[in-house]
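First residue of the sequence shown: 1, per this note's numbering; consecutive thereafter.
Just so you know, the hints here were simulated from the structure itself, not pulled from any lab data. Remember, predicted model here, so these are calculated numbers, not experimental data. Careful, some of the hints might be misleading.
Computed Cβ-Cβ distance ranges for the label pairs, DEER-style [claimed, not checked]:
hint	residue 1	residue 2	range
1	Ser81	Pro117	29 to 37 Å
2	Ser68	Ser30	19 to 27 Å
3	Gly12	Ala55	30 to 38 Å
4	Thr25	Asp62	17 to 25 Å
5	Ser81	Gly42	32 to 40 Å
6	Asn23	Gln102	18 to 26 Å
7	Arg57	Arg134	35 to 43 Å
C-beta atoms are modelled at their ideal positions from N, C-alpha and C, and glycine is treated no differently.
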Amino acid sequence: MPFVHQPESIPGIPAATITTPTNNTRVENSAFVMGTAQNIGGEYHLWLTLYDYTANRHYPQDGPIAVSSNGQWEMTVSFESSGRYDITALAADQNASEILLQYQAASQSRADYPGLPTFPSGCITLASVTVSRREGSGC
1 MPFVHQPESI PGIPAATITT PTNNTRVENS AFVMGTAQNI GGEYHLWLTL
51 YDYTANRHYP QDGPIAVSSN GQWEMTVSFE SSGRYDITAL AADQNASEIL
101 LQYQAASQSR ADYPGLPTFP SGCITLASVT VSRREGSGC
């Protein structure tokens, strides 16, 4: 079951939604993800991760994500193989954001993305939707 954290706009408390895709959507090898965020910036940075149920790993996407002045954000995510995934929006504090940036840099330099077993300490799960990548979708 997806976890969606949507408090009323509480000053200082990070909040986010994922509006596209919706829960239980079937996706191709990539998907356009959109949402809203409040109280991101300063202490917290917005990140998206893909959790691959088959690999049991979290895959941070390019980030942190820029949030527009009206609270909207968007990005395209890519799925390596068919199966079930959670797309999760995280608020990462400065230390967690640095860990995610280091993971990205190391993975890009090796051209190998091993994923993470857990989120770094300092991450808050704000919203999540579950999607399925279709068999035979992709290149």
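Each hint tested on the structure:
The hinted window of 29 to 37 Å between Ser81 and Pro117 is violated, with their beta carbons roughly 18 Å apart. For the pair Ser68 and Ser30, the beta carbons lie near 22 Å from each other, so the given range of 19 to 27 Å is met. The hinted window of 30 to 38 Å between Gly12 and Ala55 holds, with their beta carbons roughly 35 Å apart. Hint check: Thr25 to Asp62, Cβ distance near 21 Å, so the stated range 17 to 25 Å holds.
Checked against the hint of 32 to 40 Å, the pair Ser81 and Gly42 passes, with Cβ atoms roughly 37 Å apart. Checking the proposed 18 to 26 Å range against Asn23 and Gln102 shows it is violated: the Cβ atoms sit about 31 Å from each other. Separated by about 20 Å at the C-beta atoms, Arg57 and Arg134 break the suggested range of 35 to 43 Å.
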